[in-house]
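Line order of the protein sequences matches chains A and B. 1 is the number of the first residue of the first sequence in the working numbering; add one for each residue after it. 1001 is the number of the first residue of the second sequence in the working numbering; add one for each residue after it.
Rather than coming from a laboratory, the hints here were simulated on the basis of the structure. Here a beta-carbon is modelled for each residue, glycine too, at the ideal position from N, C-alpha and C. Hints may be right or wrong, so weigh each one.
[Claimed, not checked] Sample of chain A residues at the chain B side, in silico, Cβ under 8 Å: (1) Arg233; (2) Asp234; (3) Asn235; (4) Met258; (5) Gly260; (6) Glu373; (7) Gly376; (8) Trp385.
[Unchecked claim] To give a feel for the contact side, a few chain B residues facing chain A, derived at Cβ under 10 Å: (9) Trp1029; (10) Glu1074; (11) Tyr1084; (12) Thr1128.
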Amino acid sequence: MTVQDIVNRCQALFDDLDFQAVQDWKAAAAGRKAIGYMPIYVPREIIHAAGMLPVGIFGGGDQLEVIHGDAYYQSYICRIPRSTIELGISGRLDCLDGMLFPSICDVIRNLSGMWQLLFEDKYVRYFDVPQNYRDDVGGSFYIHELQQLRDDLAEMAGREISDEDLRQSIAVYNDNRRVIADLYALRAKQPWQVPTSEVYLLLRAGMVLPVEEHSQLIRDYVAAADAEQRPRRDNCRVVVNGVFCEQPPLGLIKSIEMAGCYVVDDDFLLVTRWLLDDVPLEGDPLENLSAAFLHRSAATSAKFEPDKQDKGRFLIDQVRDNGAEGVIFAAPSFCDPALLDRPMLQDALSAVDIPFTAFKYAENTGQLQAIREQAGTFADSIKLWSA
Amino acid sequence: MQITAGIDIGTGAVKGALFRSDGGENPEWLAKRTERIRRRDPLDLARGAYDAMLAEAGVEPDEVAYVATTGEGENVDFRTGHFYSMTTHARGAVYLEPATRAAMDVGALHGRAIRVDERGKVLTYKMTSQCASGSGQFLENIARYLGVALDEVGELSQQADDPEAVSSICAVLAETDVINMVSRGISTQNILKGIHVSMADRLAKLLKSTRVGEGMVLMTGGLANDSGLVAAMRECMAAQKLDLALDSHPDSIYAGAIGAALWGAFRHRKLAGLEQLAEAS
């Protein structure tokens, strides 16, 4: 397969708001179930261990007209809950047998309540995560949450989810994290070979494909990208920050690249890179998942940072480890987690002389010229005036 | 000394400039080209302009150290890098007139006031919104309604004796204004001058908001050589107590391409210093 073949397939999956790939997976064998999840992070290993398909639901993008969704929310919040409601009410999510709403903000918490009222026949769970990172406090709490999810899904599956089931699923997701880490490393090394618009589509494909198939797809892409030489441009290298929940339109990502920026790291689709290392296969699988969350997860704006001194360190490391020259803060309008963190992150960057620029978007932002201009002038300023 | 090229793809025309420069002072301008787009593919025109400049200067493609695009040139496949229009117009304006401390870039679909320093670095800028009333495309439409060639617009405007005010906010309303004026028998000269004043009033406000307070203002972009607009700009600046000299340059339409080529040379020198360019294709 060529790069273009793979990208075309990912683009088709990205464009399909009817989730045909999920329907096809379910139809391939009797009794299969699919569980949707919202951003930012859920332990997909448990869903996989139950024999179910985890399906990432990241809003309706810029191709979905929101008619019903606006009736459920006030105007001064982000767009992803409205378009998700629209997806649900219009029947596009009928292929899902349940939905998980991970803890990220009040809006998503409220959405979980609405889902319970709107879809009484579906499994709906607000998936809470620890804000305290001591093993005996947050750890105990989180293991209880994981066990509850395990029990619920086991009941739906009609069978027990054994420790061995979990270990096998952890191994499969460890592999997925490794191939994605390889993909990101390749992009950081040769960003002209691996455009972020393609990386993004590859990650989005992982929201609807079985994880094993997704891992192979990324391996195929890396091999194809290696075999195809693309022209290198004199672009600046940036980290994009704040894009972890409501997704920017694909055109916005392309606009940033067209404006002269190579994106060498980001916080898109964090569910795929939330855990930074392999989760150990030995020992209790839930304890291992919990420890990975507490001690080895991405310290982005989507995760509470108890020590103010450490705020921004993860982002600075992203910049330095990937040879970036600046940061583009792109956050959805009204996104509390991203926008409330932004001033603290900007202060941290300023303290170490890392330049940045910032703007807001919505998933259906159509006018990209202003963003292109802003990213373009930022790229110019880095290329011409930074040390 | 390195040879660098700038390609500026605008809405109405493709401009090119070829320089020999060490990335610092005293660059040598080797060749220039401009092509009106007229429904042709801008990327083909960019290639043609580039090849023609190389031929005129007797330069082989592999002698060009950096091809910089600007404007809508991000898709030019032979570019080394791309600079945003504001960055390049600022540099081009200072090249054309070293005393420039603000560039007034008026193109087919936009107007921008850019305050710069003596190096051509952008200090601040203000630009029109997406409305087309302060732009060349709007003026071109009006000229067509009036049956006037674009080249004649400036001279006719300066013959006005009683300019008729038009809407300075909306291109649609302004076009309606013009139709009414024609039916009322207002002369072409007075209509054109009224439009120039309407545009200049907005542009002067943009300029004032950049807080430029010294040096001169250079008009750049496709409308820089519209003498009627330049004259109206001077009047509006005086009316708004903006005490600065404003001028245009015969090569003002090349400001973006010039700036791209010169920043390309500057960037080439910087990259060479960082030992990065050797890896670039």
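Please flag the earlier hints that this structure goes against, numbers listed from lowest up.
Numbers 9 and 12, in rising order.
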